[in-house]
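Please build the complete structure, drawing on both the sequences and the hints.
Keeping their order, the protein sequence lines are chains A and B. Here the first sequence stands for residues 1 to 311, where the numbers follow my numbering. Here the second sequence stands for residues 1 to 109, where the numbers follow my numbering.
One should not assume that every hint holds.
Quick list of simulated restraints, FRET-style, between CB atoms [as the list claims (entries may be wrong)]:
{"id": "1", "chain 1": "A", "residue 1": "Trp197", "chain 2": "B", "residue 2": "Lys86", "range": "56 to 62 Å"}
{"id": "2", "chain 1": "B", "residue 1": "Asp105", "chain 2": "A", "residue 2": "Glu252", "range": "52 to 58 Å"}
{"id": "3", "chain 1": "A", "residue 1": "Gln261", "chain 2": "B", "residue 2": "Asn84", "range": "55 to 61 Å"}
As a list, the in silico DSSO-like pairs of lysine-lysine whose alpha-carbon atoms are at most 27 Å apart [unchecked claim]:
{"id": "4", "chain 1": "B", "residue 1": "Lys6", "chain 2": "A", "residue 2": "Lys122"}
{"id": "5", "chain 1": "B", "residue 1": "Lys53", "chain 2": "B", "residue 2": "Lys102"}
{"id": "6", "chain 1": "B", "residue 1": "Lys83", "chain 2": "B", "residue 2": "Lys6"}
{"id": "7", "chain 1": "B", "residue 1": "Lys86", "chain 2": "A", "residue 2": "Lys208"}
{"id": "8", "chain 1": "A", "residue 1": "Lys122", "chain 2": "B", "residue 2": "Lys49"}
{"id": "9", "chain 1": "A", "residue 1": "Lys122", "chain 2": "A", "residue 2": "Lys208"}
{"id": "10", "chain 1": "B", "residue 1": "Lys58", "chain 2": "B", "residue 2": "Lys6"}
{"id": "11", "chain 1": "B", "residue 1": "Lys86", "chain 2": "B", "residue 2": "Lys58"}
{"id": "12", "chain 1": "B", "residue 1": "Lys83", "chain 2": "B", "residue 2": "Lys58"}
{"id": "13", "chain 1": "B", "residue 1": "Lys86", "chain 2": "A", "residue 2": "Lys122"}
{"id": "14", "chain 1": "A", "residue 1": "Lys208", "chain 2": "B", "residue 2": "Lys49"}
{"id": "15", "chain 1": "A", "residue 1": "Lys5", "chain 2": "A", "residue 2": "Lys249"}
{"id": "16", "chain 1": "B", "residue 1": "Lys58", "chain 2": "A", "residue 2": "Lys208"}
{"id": "17", "chain 1": "B", "residue 1": "Lys102", "chain 2": "B", "residue 2": "Lys6"}
{"id": "18", "chain 1": "B", "residue 1": "Lys58", "chain 2": "A", "residue 2": "Lys141"}
{"id": "19", "chain 1": "B", "residue 1": "Lys86", "chain 2": "B", "residue 2": "Lys49"}
{"id": "20", "chain 1": "B", "residue 1": "Lys19", "chain 2": "A", "residue 2": "Lys208"}
{"id": "21", "chain 1": "B", "residue 1": "Lys102", "chain 2": "B", "residue 2": "Lys58"}
{"id": "22", "chain 1": "B", "residue 1": "Lys83", "chain 2": "B", "residue 2": "Lys53"}
{"id": "23", "chain 1": "B", "residue 1": "Lys19", "chain 2": "B", "residue 2": "Lys6"}
{"id": "24", "chain 1": "B", "residue 1": "Lys102", "chain 2": "B", "residue 2": "Lys83"}
{"id": "25", "chain 1": "B", "residue 1": "Lys19", "chain 2": "B", "residue 2": "Lys102"}
{"id": "26", "chain 1": "A", "residue 1": "Lys122", "chain 2": "B", "residue 2": "Lys19"}
{"id": "27", "chain 1": "B", "residue 1": "Lys86", "chain 2": "B", "residue 2": "Lys6"}
{"id": "28", "chain 1": "B", "residue 1": "Lys49", "chain 2": "B", "residue 2": "Lys19"}
Treat the hints as calculated values from the structure; they're not laboratory data. Every value quoted in this text rests on a predicted model; they were computed, and no experiment measured them. Think of the CB as a built atom: it goes at the ideal place given N, C-alpha and C, for glycine as much as any other residue.
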Amino acid sequence: MDIYKTIIIGGGPAGLAAAIYTGRARLRTLVLEKVATGGQLLLTDYVENYPGILQTEGGRLMETFLEQAQKFGAELAYGEVHDLRPNADGYEIVTGEETYHTLSIIVATGSSHRHIGVPGEKELWGKGVSVCATCDGAFFKDQIVAVIGGGDSALTEAIFLKNLCRQVYIIHRRDELRAEQILQERAIAASNISFCWNTVLEEIVGEKEVTSVRVKNVKTGERSEIALSAVFVAIGMTPNSGFLRPLVKLDENGFVLATHQMATSAPGIFVAGDVRSASYRQIATSVGDGVTAAMSVELWLENSGLIPALK
Amino acid sequence: MSANVKTFTSDNWDGEVLKSTTPVLVDFWASWCGPCRMIVPHVEALAEKYLGKLVVGKLNVDENPNVSGQYGIRGIPTLLLFKNGKVAEQVVGVQSKEQLAKMVDRHIS
Numbered sequence: 001m002d003i004y005k006t007i008i009i010g011g012g013p014a015g016l017a018a019a020i021y022t023g024r025a026r027l028r029t030l031v032l033e034k035v036a037t038g039g040q041l042l043l044t045d046y047v048e049n050y051p052g053i054l055q056t057e058g059g060r061l062m063e064t065f066l067e068q069a070q071k072f073g074a075e076l077a078y079g080e081v082h083d084l085r086p087n088a089d090g091y092e093i094v095t096g097e098e099t100y101h102t103l104s105i106i107v108a109t110g111s112s113h114r115h116i117g118v119p120g121e122k123e124l125w126g127k128g129v130s131v132c133a134t135c136d137g138a139f140f141k142d143q144i145v146a147v148i149g150g151g152d153s154a155l156t157e158a159i160f161l162k163n164l165c166r167q168v169y170i171i172h173r174r175d176e177l178r179a180e181q182i183l184q185e186r187a188i189a190a191s192n193i194s195f196c197w198n199t200v201l202e203e204i205v206g207e208k209e210v211t212s213v214r215v216k217n218v219k220t221g222e223r224s225e226i227a228l229s230a231v232f233v234a235i236g237m238t239p240n241s242g243f244l245r246p247l248v249k250l251d252e253n254g255f256v257l258a259t260h261q262m263a264t265s266a267p268g269i270f271v272a273g274d275v276r277s278a279s280y281r282q283i284a285t286s287v288g289d290g291v292t293a294a295m296s297v298e299l300w301l302e303n304s305g306l307i308p309a310l311k
Numbered sequence: 001m002s003a004n005v006k007t008f009t010s011d012n013w014d015g016e017v018l019k020s021t022t023p024v025l026v027d028f029w030a031s032w033c034g035p036c037r038m039i040v041p042h043v044e045a046l047a048e049k050y051l052g053k054l055v056v057g058k059l060n061v062d063e064n065p066n067v068s069g070q071y072g073i074r075g076i077p078t079l080l081l082f083k084n085g086k087v088a089e090q091v092v093g094v095q096s097k098e099q100l101a102k103m104v105d106r107h108i109s
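Take a look at the structure:
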């Protein structure tokens, strides 16, 4: 039977960083990716906070990560994990098409965009409701749009959209932003970005396409309607961790609980990146997680007598 | 790009998509769209897997805005599956290989 030393589930920055290290440790490694290597990084127009690189495109940075992982021997396969169960040798990972066997696992599945759950959001998805300004902004050139949220992603989306659209509203439930200071400065300086503070979205309105949103001021209770063409949702992320239940302990929001060495509650299962509880969800922190998890895997395999010790 | 994936434009749209007797899967994309690149290998795999049963092609929304406008495309990637010139199914956003294969299976015996 074909047994991997480690299988890394997820091919974003955390998973690929781990693969570079397990590859260099000469541990037979498989990176199992659901959709496309790069993860959230592929949705990023430009990256300027990754140390050592002044500015680059998300996609280009990802290509280098992948090339580097493959250079050191990591294999890549596409598949969505349906089941994960312990067996006599370690773990069995079942995807739609294959069953893989491995001694250890690094979970680097990241997170997905959270939905607001208001009427119209699902119905008008792809008809003016989006989670990707760089993808869909161009459809709304010279039009009025809104971004929902107050974190880094929301402001990054708004700053991208301000150059394309006539007017950008940032609709935020609180009266202060969580985003990086530099992003706040850029957004506030833009003449065509306006903030709707203490405001929640109640409905996205439209028949064939988005025509307006209904909002409510949570302080005054006042309701109003804003005519616009698109709504970009950036209210945070939800972890891709459902398949780990009940094997691995998760926090109350579904993120994977881990030690500083990235060990989870299950022996031989490690975690890295956005899916980990208390992660800052940056490319650099994900890379750090991935490297830590990879080194922990090597040590764990050694201590468990599954690979010869180095000395 | 795989030889099995066609390029659709406003010029060949009627003949290659609407008049096709075989079901047609159209991938609406643009060069500046990261998620569009994400699904390319999966779209290519579909073209190979369903060769002869399904025509697979891509339409650049930047170069053919009249076609994407006609179908109300306001988010990409959007995949439309045409049967006898009519839209039988639409999916918007990134999809895994499995999700795409399931979608096609629903329409192809």
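Results for each hint:
Restraint check, tryptophan 197 (chain A) to lysine 86 (chain B): a C-beta distance of roughly 46 Å breaks the suggested window 56 to 62 Å. At about 38 Å, the beta-carbon gap between aspartate 105 (chain B) and glutamate 252 (chain A) misses the expected band of 52 to 58 Å. Against the hinted window of 55 to 61 Å, the Cβ-Cβ separation of glutamine 261 (chain A) and asparagine 84 (chain B) comes to about 59 Å, which satisfies the hint. Our distance criterion of 27 Å between C-alpha atoms is broken by lysine 6 (chain B) and lysine 122 (chain A), whose separation comes to about 31 Å.
In summary, the hint linking lysine 53 (chain B) to lysine 102 (chain B) is supported, as the alpha carbons are separated by about 15 Å, within the 27 Å threshold. Taking the CA atoms of lysine 83 (chain B) and lysine 6 (chain B), the gap is about 17 Å. The hint holds against a cut of 27 Å. For a cut-off of 27 Å, the pair hint linking lysine 86 (chain B) to lysine 208 (chain A) stands: about 17 Å separates their Cα positions. Simply put, lysine 122 (chain A) and lysine 49 (chain B) have alpha-carbon atoms about 31 Å apart, too far for the 27 Å limit, and the pair is violated.
In summary, the hint linking lysine 122 (chain A) to lysine 208 (chain A) is supported, as the alpha carbons are separated by about 12 Å, within the 27 Å threshold. Proximity of lysine 58 (chain B) to lysine 6 (chain B) is assessed by CA-CA distance (about 6 Å); at most 27 Å being required, the pair is judged to hold. As the CA atoms of lysine 86 (chain B) and lysine 58 (chain B) are separated by approximately 17 Å, the hinted pair is consistent with the 27 Å bound. At most 27 Å may separate the alpha-carbon atoms for a hinted pair to count; lysine 83 (chain B) and lysine 58 (chain B) meet this at roughly 16 Å.
A threshold of 27 Å between alpha carbons decides the hint, and for lysine 86 (chain B) with lysine 122 (chain A) the separation of about 23 Å falls inside it, so the pair holds. For the hint linking lysine 208 (chain A) to lysine 49 (chain B), the alpha-carbon distance of about 33 Å lies beyond 27 Å, and the restraint is violated. Simply put, lysine 5 (chain A) and lysine 249 (chain A) have alpha-carbon atoms about 23 Å apart, close enough for the 27 Å limit, and the pair holds. Straight-line distance between C-alpha atoms of lysine 58 (chain B) and lysine 208 (chain A) comes to about 23 Å, which keeps the hinted pair within the 27 Å bound.
Using a Cα cut-off of 27 Å, the hinted pair lysine 102 (chain B) and lysine 6 (chain B) holds, with the two alpha carbons roughly 21 Å apart. Pair hint lysine 58 (chain B) plus lysine 141 (chain A) holds up; C-alpha atoms about 23 Å apart against a cutoff of 27 Å. Of the supplied pair hints, the one linking lysine 86 (chain B) and lysine 49 (chain B) holds, its CA atoms being roughly 23 Å apart against a limit of 27 Å. Annotation: proposed proximity of lysine 19 (chain B) to lysine 208 (chain A) holds, straight-line Cα distance about 26 Å (limit 27 Å).
Between lysine 102 (chain B) and lysine 58 (chain B) the alpha-carbon distance is near 19 Å, which keeps this suggested pair within the 27 Å criterion. Using a Cα cut-off of 27 Å, the hinted pair lysine 83 (chain B) and lysine 53 (chain B) holds, with the two alpha carbons roughly 12 Å apart. A distance of roughly 15 Å separates the Cα atoms of lysine 19 (chain B) and lysine 6 (chain B); the hinted pair therefore holds under the 27 Å criterion. Of the pairs offered as hints, the one joining lysine 102 (chain B) and lysine 83 (chain B) holds, with about 16 Å between alpha carbons and a cut-off of 27 Å not exceeded.
Taking the CA atoms of lysine 19 (chain B) and lysine 102 (chain B), the gap is about 24 Å. The hint holds against a cut of 27 Å. The suggested pairing of lysine 122 (chain A) with lysine 19 (chain B) is violated, with an alpha-carbon distance near 31 Å, which exceeds 27 Å. Distance check on the hinted pair: lysine 86 (chain B) and lysine 6 (chain B) sit about 19 Å apart at the alpha-carbon level, within 27 Å; holds. Restraint check for lysine 49 (chain B) and lysine 19 (chain B): satisfied, since their Cα atoms lie roughly 22 Å apart, inside the 27 Å limit.
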